[in-house]
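There are 2 protein chains.
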Amino acid sequence: MGGDRGPSAVVSGVAAVIAANPDVRVILHGDEAVLRPLLDKKPGLSSMVELRHAPRVVTMEDKPSQVMRHGEGTSMWSCIEAVRSGEAAAAVSCGNTGALMAVSMIRLRRMPGVNRPAIACLWPSRNPGGFNVMLDVGADVKADAPDLLQYALMGASYARNGLGLARPRVGLLNVGTEEHKGRAELKAAHDLIGPATGAGGFDYVGFVEGGDIPSDRVDVIVTDGFTGNIALKTGEGTARFVGDALRAAFNATFLSKIAALLALTSLKRLQTRIDPRRVNGGVFLGLNGTVVKSHGSADAMGVEAAIGLACRLARAGFIERLAARVASAGAAGQDTAGQGEGAAFNS
Amino acid sequence: MGGDRGPSAVVSGVAAVIAANPDVRVILHGDEAVLRPLLDKKPGLSSMVELRHAPRVVTMEDKPSQVMRHGEGTSMWSCIEAVRSGEAAAAVSCGNTGALMAVSMIRLRRMPGVNRPAIACLWPSRNPGGFNVMLDVGADVKADAPDLLQYALMGASYARNGLGLARPRVGLLNVGTEEHKGRAELKAAHDLIGPATGAGGFDYVGFVEGGDIPSDRVDVIVTDGFTGNIALKTGEGTARFVGDALRAAFNATFLSKIAALLALTSLKRLQTRIDPRRVNGGVFLGLNGTVVKSHGSADAMGVEAAIGLACRLARAGFIERLAARVASAGAAGQDTAGQGEGAAFNS
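These protein sequence lines are chains S and E, in that order.
Residues in the first sequence are numbered consecutively from 3, following the working numbering.
Residues in the second sequence are numbered consecutively from 3, following the working numbering.
Derived from the structure by calculation, the hints contain no laboratory data.
Since the list gives no way to pick one copy over another, a pair counts as held whenever it fits inside one copy or between any two copies.
No more than 16 Å apart at the CA atoms, straight line, and that leaves these computed lysine to aspartate or glutamate pairs for EDC-like:
| # | residue 1 | residue 2 |
| --- | --- | --- |
| 1 | Lys-189 | Asp-146 |
| 2 | Lys-144 | Glu-187 |
| 3 | Lys-65 | Glu-181 |
| 4 | Lys-270 | Asp-246 |
| 5 | Lys-183 | Glu-63 |
Turn these sequences into a full structure, and let the hints guide you.
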C-alpha cells in the first residue's frame with residue numbers, strides 16, 4: 003500500500019509473476035476495499051491470491067521508531083507477520099525502507115551471531131553474470147570492523163545462492179587500494195576479513211574503490227550503510243543523467259533522429275542491460291526470514307522482479323544456508339582465530 | 003613527472019595552453035634531461051617555458067608522510083615552492099594526491115580560520131552552466147560539523163568565482179532528505195550551515211542525496227572526504243560502464259554499426275558533455291595558494307583543462323576573495339552566532 007505508485011502497480015506485478023509461475027502463491031496485505039476491485043479486474047487472479055485485510059498504511063514520511071511501536075494493523079506489519087508465522091516464505095514491500103527494516107528487526111529478530119543486519123543490492127557489472135552484490139546500502143548508517151566482517155560473510159553467501167557463484171570474490175570499499183589508506187575501522191576490518199576466507203568460503207581481494215563497484219575484479223563489495231547508500235544513489239543518478247544526455251543528443255537534429263530510429267534495437271539492448279527495474283530488490287540479510295525491499299517507485303515490472311527474487315531465494319533455502327554459514331564462521335573465529343580455517347558447509 | 007602518462011602528456015598540455023593563451027607563462031619542474039628534449043620537439047615552446055631542474059620524483063606509491071618529511075628535491079616540492087615564493091600564481095600537478103596535499107599543507111600552510119583543507123571537483127550536471135561543485139573529494143577521510151560548515155563557505159566561494167554563480171545553492175550530502183536521517187555530525191552541520199547563509203553569501207537547500215549530485219536543485223554539494231571520494235569514483239565508474247555498454251550495443255549487429263555511423267555527431271556531442279577530461283582538475287581549498295590536482299591518468303587534453311582552470315582562478319584573484327570570505331564568516335559567527343547576519347563581501 004505504501005509504494006509511490008500505489009497498490010495498482012503491485013497488483014499488476016503480482017499478476018505477471020503468477021502468469022509466469024503458476025506454482026507461486028501470494029498473500030496480499032492491505033485495504034480490502036482498494037485491493038479487491040484491482041484483483042477483480044485481472045481474470046482469474048482472485049483465486050490465486052489470498053487477500054489479507056489491513057486497515058492502516060505506513061507512509062514514506064512515517065518515522066521507523068514510530069512504526070516499530072505503533073505499526074500493528076498496517077499492511078507492512080501484516081506482511082512481515084506472515085513470514086514470522088511461517089505462512090509466507092518471503093516478504094516483499096515497496097514501502098518506507100527504514101520502517102520496513104525496523105518492523106523486520108522487531109518481528110523476525112536478528113539471526114544468531116549477527117550484530118547489524120544489512121541491505122544487499124545487485125549492481126550491473128562487467129562480470130559474466132552481469133551483476134555484483136553490494137552491502138550495506140542503507141540498513142544502518144554505522145558499521146564497525148566486526149560488522150563489516152559479517153557483511154562479507156553474508157554477502158558471499160547471498161552471491162553463492164542468489165548469483166550461483168561457487169567462491170565469490172569479496173572487496174572492502176575504501177578511498178584507495180593501498181593498505182595505509184582510509185579510516186581506522188576499515189584497516190581493522192581488512193585484518194579481520196583476510197583470515198575469514200576459509201570459513202566464509204570466499205576469496206578476499208582487499209580494498210576496492212568506487213570505480214571498482216561495476217568491475218569484474220570483485221563480486222561482493224562490502225561497506226557501511228551510509229557510504230553504500232550514497233554510492234548506490236550516486237550510481238543510479240549518474241546512469242539516469244547519462245541516459246537523459248543520450249536521449250537529448252539523439253533528439254538534437256533530423257539526422258540524429260533517423261540514427262536513433264536505426265539504433266533502436268541497440269539502444270533497447272543497452273537499456274535492458276542497465277535497466278534498474280530488472281534488478282529491483284534490496285535483500286535484508288541477517289534476519290530470521292527473507293525480506294525483499296522493492297524500490298519505492300517500482301512499476302509493475304519492478305514489482306515482478308522483486309517478487310521473482312524473493313521466490314528464487316525461498317526456493318534455494320537461502321535463510322537456512324546463511325544461518326549455517328554465519329554459525330560456522332563464528333565457530334571458526336572462536337576455535338582457530340586468525341588461522342583462516344574452519345568447517346566449510348555448502349552454504 | 004609523477005603522472006601515470008609521464009612528462010610527455012604534461013608538455014603537450016602546456017604547449018596547447020600556451021598556443022591558446024600567449025600571455026600565460028609556465029615554470030616546468032622536473033628532470034631537465036627528460037624535459038628539455040620534450041620541449042625542444044615543439045617549435046617555439048622552449049622560449050615560453052622556464053625549466054626548473056628537480057632531480058627526484060614523487061611516485062604514486064610514496065606515502066604522504068614520507069614525502070612531507072623528505073620531499074625536497076622532487077618536482078612536486080619544487081612546484082609548490084614556486085607558489086609559496088610568489089613566483090607562480092598557481093600550481094598544477096598530475097602526481098600522488100595525498101603527497102601533493104601533504105606538501106601543500108606544510109609549505110603553503112592553511113588559510114587563517116580553516117581547520118581542514120578540502121579538494122573540490124566539478125561534476126557534470128543538469129544546471130545551465132553544466133557543472134556542480136562537490137567537496138571534499140579526498141583531502142581528509144574525516145570532517146566534523148565545523149569542518150563541513152567551512153566546506154560550505156569555501157565551496158560557495160569557489161562556485162561564485164569559478165562558475166560565476168552570484169548566490170550558489172549549497173546542499174549537505176546525506177542518505178535521505180528528512181531532518182532525522184543520517185549521522186549525528188551531519189545533523190550538527192545542518193544546524194550550523196543554515197544560519198551561515200548571510201555571511202557566506204549562499205542559499206542552503208538542506209540535505210541532498212547521491213542522486214542529487216548531478217541535479218539542478220543544488221550547485222555545491224558538501225560532504226566529508228571519504229564519502230566524497232567514494233561518490234566521485236562511483237560516478238566516474240558508472241559513466242565509464244554505461245559508455246562501454248553503449249559502445250558494445252552499437253557494435254552488436256551490422257545495422258547497429260550503420261546506425262552508429264549516422265549517430266556519430268550525436269554521440270560526440272554526448273561525449274563532449276560528459277567527458278571527464280574537460281572538467282579535469284580538483285582544486286585544493288583552504289591553503290594560502292592555488293593548487294590544482296589533475297587526474298593522474300590525464301592526457302594532454304586533461305592537463306590543458308587543469309592548467310586552464312588554474313589560470314582562471316589566478317586571474318580572478320580567487321585566493322584573496324576566499325580568504326576574505328572565510329574571515330568574514332568567522333567574524334560573523336563570533337559576533338552574531340546563530341543569527342545568520344554578517345558583513346557580505348563580494349567574495
